[in-house]
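Protein chains in written order, with our numbering: chain H, 1 to 342; chain R, 343 to 684; chain Y, 685 to 1026.
Certain hints may be false.
Claimed, not checked - Derived lysine to any residue pairs resembling SDA-like cross-links, with alpha carbons at most 20 angstroms apart:
1. Lys59(H) x Arg682(R)
2. Lys5(H) x Glu969(Y)
3. Lys347(R) x Glu359(R)
4. Lys743(Y) x Thr309(H)
5. Lys347(R) x Lys5(H)
6. Lys402(R) x Glu1025(Y)
7. Lys689(Y) x Arg682(R)
8. Lys881(Y) x Gly798(Y)
9. Lys678(R) x Lys336(H)
10. Lys60(H) x Glu359(R)
11. Lys506(R) x Gly613(R)
12. Lys347(R) x Gln15(H)
13. Lys228(H) x His287(H)
14. Lys59(H) x Gly556(R)
15. Lys347(R) x Leu288(H)
16. Lys616(R) x Asn833(Y)
17. Lys57(H) x Gly613(R)
18. Lys692(Y) x Lys881(Y)
19. Lys336(H) x Glu1025(Y)
20. Lys60(H) x Lys570(R)
21. Lys689(Y) x Lys347(R)
22. Lys57(H) x Asp471(R)
23. Lys702(Y) x Asn833(Y)
24. Lys555(R) x Ser592(R)
25. Lys958(Y) x Asp25(H)
26. Lys350(R) x Asn313(H)
27. Lys741(Y) x Pro154(H)
28. Lys59(H) x Glu359(R)
To be verified - Pulled from the structure, derived: some chain R residues nowhere near chain H, Cβ distances all over 12 angstroms:
29. Asp392
30. Ala411
31. Arg415
32. Thr442
33. Thr462
34. Arg464
35. Ser468
36. Tyr469
37. Ser657
Since the hints were derived computationally from the structure, they do not count as laboratory data.
Keep in mind the model is a prediction, meaning the values are calculated, not measured.
Built from N, CA and C at the ideal position, the CB exists for glycine as well.
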Amino acid sequence: MQIFKGWKEFKAKPQAEKFQYFSHDKTIHHLIYAQQLTREFTGELFALADKIRDMAKTKKGMDSLQTLASDKRAMLFFVQPSTRTFLSFLNACHILGIKTSEIRDTSTSSEIKGESSEDTIRTFSSYVDLIIVRHAEEGFAEKSAWVLNQSGRPIPIINGGSGKDEHPTQALLDLYTINRSLGKIDSKKIAMVGDLKRGRTIRSLSQLLANYKGVEIFFAAPEQYQMKDDILEYLKKRGVPFSLTSDFESVIPKSDVIYCTRIQDEYDENGESKKIDYAKFHFEERHLAHLKKDAIIMHPFPRRLEIATAVDNDSRAKYWEQARNGMWIRAALMLKVLGREP
Amino acid sequence: MQIFKGWKEFKAKPQAEKFQYFSHDKTIHHLIYAQQLTREFTGELFALADKIRDMAKTKKGMDSLQTLASDKRAMLFFVQPSTRTFLSFLNACHILGIKTSEIRDTSTSSEIKGESSEDTIRTFSSYVDLIIVRHAEEGFAEKSAWVLNQSGRPIPIINGGSGKDEHPTQALLDLYTINRSLGKIDSKKIAMVGDLKRGRTIRSLSQLLANYKGVEIFFAAPEQYQMKDDILEYLKKRGVPFSLTSDFESVIPKSDVIYCTRIQDEYDENGESKKIDYAKFHFEERHLAHLKKDAIIMHPFPRRLEIATAVDNDSRAKYWEQARNGMWIRAALMLKVLGREP
Amino acid sequence: MQIFKGWKEFKAKPQAEKFQYFSHDKTIHHLIYAQQLTREFTGELFALADKIRDMAKTKKGMDSLQTLASDKRAMLFFVQPSTRTFLSFLNACHILGIKTSEIRDTSTSSEIKGESSEDTIRTFSSYVDLIIVRHAEEGFAEKSAWVLNQSGRPIPIINGGSGKDEHPTQALLDLYTINRSLGKIDSKKIAMVGDLKRGRTIRSLSQLLANYKGVEIFFAAPEQYQMKDDILEYLKKRGVPFSLTSDFESVIPKSDVIYCTRIQDEYDENGESKKIDYAKFHFEERHLAHLKKDAIIMHPFPRRLEIATAVDNDSRAKYWEQARNGMWIRAALMLKVLGREP
Chain H
1 MQIFKGWKEF
11 KAKPQAEKFQ
21 YFSHDKTIHH
31 LIYAQQLTRE
41 FTGELFALAD
51 KIRDMAKTKK
61 GMDSLQTLAS
71 DKRAMLFFVQ
81 PSTRTFLSFL
91 NACHILGIKT
101 SEIRDTSTSS
111 EIKGESSEDT
121 IRTFSSYVDL
131 IIVRHAEEGF
141 AEKSAWVLNQ
151 SGRPIPIING
161 GSGKDEHPTQ
171 ALLDLYTINR
181 SLGKIDSKKI
191 AMVGDLKRGR
201 TIRSLSQLLA
211 NYKGVEIFFA
221 APEQYQMKDD
231 ILEYLKKRGV
241 PFSLTSDFES
251 VIPKSDVIYC
261 TRIQDEYDEN
271 GESKKIDYAK
281 FHFEERHLAH
291 LKKDAIIMHP
301 FPRRLEIATA
311 VDNDSRAKYW
321 EQARNGMWIR
331 AALMLKVLGR
341 EP
Chain R
343 MQIFKGWKEF
353 KAKPQAEKFQ
363 YFSHDKTIHH
373 LIYAQQLTRE
383 FTGELFALAD
393 KIRDMAKTKK
403 GMDSLQTLAS
413 DKRAMLFFVQ
423 PSTRTFLSFL
433 NACHILGIKT
443 SEIRDTSTSS
453 EIKGESSEDT
463 IRTFSSYVDL
473 IIVRHAEEGF
483 AEKSAWVLNQ
493 SGRPIPIING
503 GSGKDEHPTQ
513 ALLDLYTINR
523 SLGKIDSKKI
533 AMVGDLKRGR
543 TIRSLSQLLA
553 NYKGVEIFFA
563 APEQYQMKDD
573 ILEYLKKRGV
583 PFSLTSDFES
593 VIPKSDVIYC
603 TRIQDEYDEN
613 GESKKIDYAK
623 FHFEERHLAH
633 LKKDAIIMHP
643 FPRRLEIATA
653 VDNDSRAKYW
663 EQARNGMWIR
673 AALMLKVLGR
683 EP
Chain Y
685 MQIFKGWKEF
695 KAKPQAEKFQ
705 YFSHDKTIHH
715 LIYAQQLTRE
725 FTGELFALAD
735 KIRDMAKTKK
745 GMDSLQTLAS
755 DKRAMLFFVQ
765 PSTRTFLSFL
775 NACHILGIKT
785 SEIRDTSTSS
795 EIKGESSEDT
805 IRTFSSYVDL
815 IIVRHAEEGF
825 AEKSAWVLNQ
835 SGRPIPIING
845 GSGKDEHPTQ
855 ALLDLYTINR
865 SLGKIDSKKI
875 AMVGDLKRGR
885 TIRSLSQLLA
895 NYKGVEIFFA
905 APEQYQMKDD
915 ILEYLKKRGV
925 PFSLTSDFES
935 VIPKSDVIYC
945 TRIQDEYDEN
955 GESKKIDYAK
965 FHFEERHLAH
975 LKKDAIIMHP
985 FPRRLEIATA
995 VDNDSRAKYW
1005 EQARNGMWIR
1015 AALMLKVLGR
1025 EP
């Protein structure tokens, strides 16, 4: 397919230099990278999400919310398998009265007739006012934003998870969950547990935590799957204290947040993760006794055995709320990029 | 996957003991089994469906109907092939202003990452106010209701067809069609025709007919596919007269309802149903002459050759209305479980 | 499957004789063939589409548009791969407040249980007020209209592309794009470029252009893929001047419209189109200099290399607007067949 002029040069730029290109009127227009989420912008979204869920408690409030963006149409272009993120965005649209089109399977698409992805995204943009993209191809969301900025109809792009690296709205809902459950993020001690090397969720969240004061991070992982150096370097530079351990149990009593993750074995090359004793990184019922009274337990889902189901009904288990928080904070984000705050 | 505590014990209970667990404020909260549909509750639904379709006759009425549950969001979790039931529920949602999410293909789902079905259903429940489930796994809808009852967000589950045995809303629309076409169900003579052994529709309907007075049932089937003893025992116990025959033509003149069904050859083990002369259980154009003037002909669809297309435009052919009745009665059911009757 | 009485006889009739069967109250009820689109009806749609897009410029106008058909439900029965036409219709429905059901994959459908297509379409019609059909089977939309006309619920059918030959709403949006970009269609000189033999878009458009005065057509194609004689005969009979050439560049300076199309190699029997030098029928950046100042460039999409991306941002490139025009004109069409003009 044809390569559009200028894309390669843009792609090669350092991330931070790109952010102004994704902005409009000093606020985020396209959300592509978690790093675009400043403390200030994130704080505004927290307040807006709180307001939305407050309105949503009554039928009158819900009916009123549905008028906020009732004239808008969004496309959910989700060609990488995903249920959670998809449903969360879809229902956030429903809450705001946004009408939705779904593309979930490229086998029903003209792409099979050999169209370029640039043409596809620009055509999609003809019909709607917002596109949420989830795509296996790294950089696809960024390219989409770039293509639309060249066009006469530069509608916002929200990255719903693109390739291995970026999933900014997951990081956003994680921050929102900590803030909402604990009242603030500053000064909290956060344990990240599991396959930290390959989990994009954890990588983004770790970076964003650097925007808050007095935060400390415990990375609890099997040696082979410890957090990578690039993130550790970043934290050092930002002055965020952290420690590495393979002894998960040791961090439980001192943490305000226990963030568990599954093993990312879809990235295994040779089934190598099966050799790991991952059970040592499971949160079991017996661990509840060692956990602070006001700490919280999080998980981005899907879960396998990382958290025992016996823990589910403990009031500190926040992973179900975490999923639902994603819906509210995404609604807030969409109102922001559409310029439709109440 | 992990088994939740208590599920196995619950599952093993006699059906009738479970019903109160599926109720809330003395009305149905989760509809899992056809047997939950009492004469009283069913009668209320009939009246409500009649009211809805009456309102739906004008644009003003339709716009008004759409406000009744405009703040509600439903999920159609249909991972077993189905078009009719799916469309019927979906359009019933549209009539009531309910916003809908569809999951029709687990290949686009996180389930492939190894999540338990309990986690899936509980996650889905985070985003919506009602889940309609159609699943190949027997007992899946029941398990879903059980899981949500354990959670902090026990939204209603409606069984849209689960495994081989249960499809309560089909039985409901069948009763509604008889009641609406004939004015009442009491005292009617109903012929059930075809593969009665393996058709869940017929099994459920037969049981529910026992709630009405003076009903008589004729089971007309090939010997190998006659109604099973469990249902016959049940009818005996409830005092419902019935007879068995393999001579379909003999029951036509004396029936108020002819309920035809196709051969359920998807349950064949060795193509054994191909040896049956099923043509003897087809309703042909020539049979119209022998049918009572005010009798009706029903079919749950899809149809193959069970009813000749020449019969379609006879005023006694009610199978198209039967399909549409499903939409109205499902709308009534959803208003009930959501507590939103006008 | 059973064949319905009368269908074969109807199918065999000359096209023009069928049109009154697809009409109601002197206007189009079912849109099956491009040839149904008279100059008068098309002109009414142009005006209505202009009015809709004018209203759509404000939130108040959009909210008002959504009340026009808020009580209506449409089904998009798209079992042949298509994204563009699908999204265009879907979003047109959203603009008008029409609720939508989608069938995009027959593997989730009862059709696999052996139902006839007549039963399928009649069942679908039970739930909705309008069906838009895209199907690989030639004549499927026509058959659907015929079946519903036999039934007690003859809701409108719109052909969204059926088989190789008919795609009337594509022809409609092409005409609308010419009319909107150039102010009128009368007297315009139109170059059709590419695989004219096998492109249904071009065939329909050529026929409809005969409804306008003083139009002239240049068919620029590889010899093997020139326009077929049936269309040429039709144009002769209607008095439309045209010429055939394999020298694309020669027609550029004298055209008001350049309509480029891709090679339809899905209809190749043996990869024969690969032997063609199709590059001679590409519109390249250098051609812009030879194009009239107020001419326009069109393409029905998907595009491969027929138009260089360097041309995309030239003000004469109208193919993106063309896609979006499809949404507006389809909204106008649906209002017409539903009898809901503002």
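Next on the checklist: I'd like to know which numbered hints this structure contradicts. Please list them from smallest to largest.
Outcome noted: As far as the earlier hints go, 4, 5, 7, 8, 9, 10, 12, 13, 14, 16, 17, 18, 19, 20, 21, 24, 25, 28, 30, 31, 32, 33, 34, 35, 36 are violated by this structure, in ascending order.
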